[in-house]
Each structure stands twice: as C-alpha cells, then as structure tokens.
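A.B. asks: The sequence shown lines up with residues 5 to 336 when you count with my numbering.
For the record, the hints were derived by calculation from the structure and aren't laboratory data.
From the three backbone atoms N, C-alpha and C, an ideal C-beta is built for every residue, glycine too.
You may find that some hints are simply not true.
What the hints assert, rightly or not - Label pairs and their computed distance ranges (CB to CB):
no. : residue 1 : residue 2 : range
1   : Ala205    : Glu76     : 39 to 45 angstroms
2   : Arg191    : Asp237    : 41 to 47 angstroms
3   : Ala205    : Glu267    : 17 to 23 angstroms
4   : His102    : Met183    : 18 to 24 angstroms
5   : Arg296    : Asp237    : 24 to 30 angstroms
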Amino acid sequence: MSDASSSSPSKSQHAAEHPTDIPPRTLHSGETPLRHAGNVDETIAVLHRDGELILVSTPIGNLGDMSRRAVETLQAVDLILCEDTRTSARLLREYGIHTRTRPLHDHNEDRQIPALLDALGTGQRIAVISDAGTPLMSDPGYRLVRAVVAAGGHVTAVPGPNAAVMALTLSGLPPHPFMFSGFLPPREAARREVLAQLHAAECAGLSATLIWHEAPHRLAEMLATLADVMGGDRHAAVARELTKRFEEVRRGTVDELAAHYAENPARGEITVVLGPPLHDDSTATELDTQLREALRTLSVKDAAALVAGITSLPRRTVYARALELARGPQGS
C-alpha cells in the first residue's frame, strides 16, 4: 500500500463520512493505516500487524459460565462491540469490565465496518460479543469478520458457551453429523418451504441431526409444521432455559412434543433438536419409485413437475433427482 497522497481525503472529511469515536493510535515508523474504497469487496490494504478482532463467547444464561480468559480479554481490548449494549451492561458490571462499548447489530453493521477497519488498521484490538453465547451464531458479526479477513487482518476467538451444541449433547440424539440452521422463518408458508427443502435433501441422502432456535410463542406451531413435513414419528428434543434455574430438556417424538407444547405453552430461550430420518423412513424410496414410473412416459422436466406436485417437495430438488435416475444405473 502506498503512503497517503494529496488526493487522499482529509481526516475531517473521513470523519464526516465514517463517524467513529475510536481514537486513532499514533503510528510507529513504517506503519500505515488501512485504506478502503467504500465497501468490503474493495478493501485494498493489509491491516496493521497488531490490530486484532476477537470474538468472545459469553454465558447463555448462567453468569458463572464466563471464562477467566473472556474476562481478561474484554478488560484488555480497546472496544467491545455488543449486540445490545444494555443487555451486555449487566455482564460487564458483574466482572468489573469498564471497556468502552458500542452496538453492532444487523441494522448498523455495514455502516460501522469502514471505521472499525480503520481502527484495526491503527493497531487497535476490538472484541465482539453477542447478547448470549458464541458471536455470529444467529447473531451479528459475520460481515465484519468477512471484511477483516478480506483486508488481511487477524481474527481470533475466545471459545465458550453455545446453546445449539449444548442442546445437541443433552438431546440423546446422534451428535454427528449435525446441521444448525438458526431460526426458521416466522411465517408458516415460508417455514414450511424451508422444511420441505430440508426434507427433500434427506430424500436425496442427507442424514444428520438438525438444530434450530425458536421463539417460545412459536414453538407449538413450529413443532406441528415439523411433524407434518418431516414426520411426526421422528425423535426430537426441546431444550429450554439452558444453564438457568428452570433448565429443561424434553425428549420424545415430534408428535409427542407438538402435543405437549400445544397444551403447555413454553417460556424462555428454546432450542429444538430433530434426529435424523428413521431407518425405515420410506420417503426416499417412494420418491424414486414415483419418478421412475413417471419417466417411463414423460420427459425429465415433466416427470419432475408431476412428482413434485404429488409429494409437495421442491421442484428443483425433485428435478435434480430425476436427472440422476434418467442417467442410468449410476443415478439409481
């Protein structure tokens, strides 16, 4: 990267474009600040070798789960980026952490990135925490991490609590492979479509334990849709209020869990774990049988459209399977 020229924006101009309260550090001999061209993909410089972005995991409920390394890191950094500064304030007070904080959430992350890259470029150390658990897991921060990586910067993490992994280990369901998908869409039609796509992937061979977070007021409805699309006899678990006083892990079939929470509304933070398809699940076999029958008289496109309508599986997935079957024994 070349030194700043007369054509570069002045500090006052830069401050107006990218407001920040992060004070720049004095550059040592041979050091240069990060330069950017307005967005992540146009970042053109390598960050200062001492600048560092640290993803710090925080408790998912019990404040006693905060690690000593996490405390020491948050005390030592120049700035803590919080999903919600008000939520994080209690945790920081509990451990005597007085480092400056700033919100980083879905609505301001893109605007924050240029100024944060500049701060890292002058050698500052910045931590990212979420309201609870491991940053970026259903929480903001991915775009910032991507920008720092693209700029050649250093990103590290202080590991710790994670509700999805804890729910998986307590569920009694196969721990690997597993697939964590954050939150399902809140609206029924969109939720059903996403689940149908996952079920189609299972028909094509996916066999994994699936994990989602869910809001308590949507849990019963979500489980009912899960039973309808993925199968009510599948083994599942609902983990609630993990690490807290009223921690509960309820295990059973999807039908049983849906019936329970329809009668007993859930409260608190919730994670749903769904076991892989049962060995005697005949959905995949039925799909292939229907496709082979349709392919006897129809084109691949028409056969896929017909079977997709019958099975309510996504047409794109059914078409891909129809292509495999049409190719011959290797697709069978």
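A.B. asks: Going through the earlier hints one by one, which of them does the structure break, listed in rising order?
C.D. replies: Checked against the structure, the hints that fail are numbers 2, 3 and 4, while the rest are satisfied.
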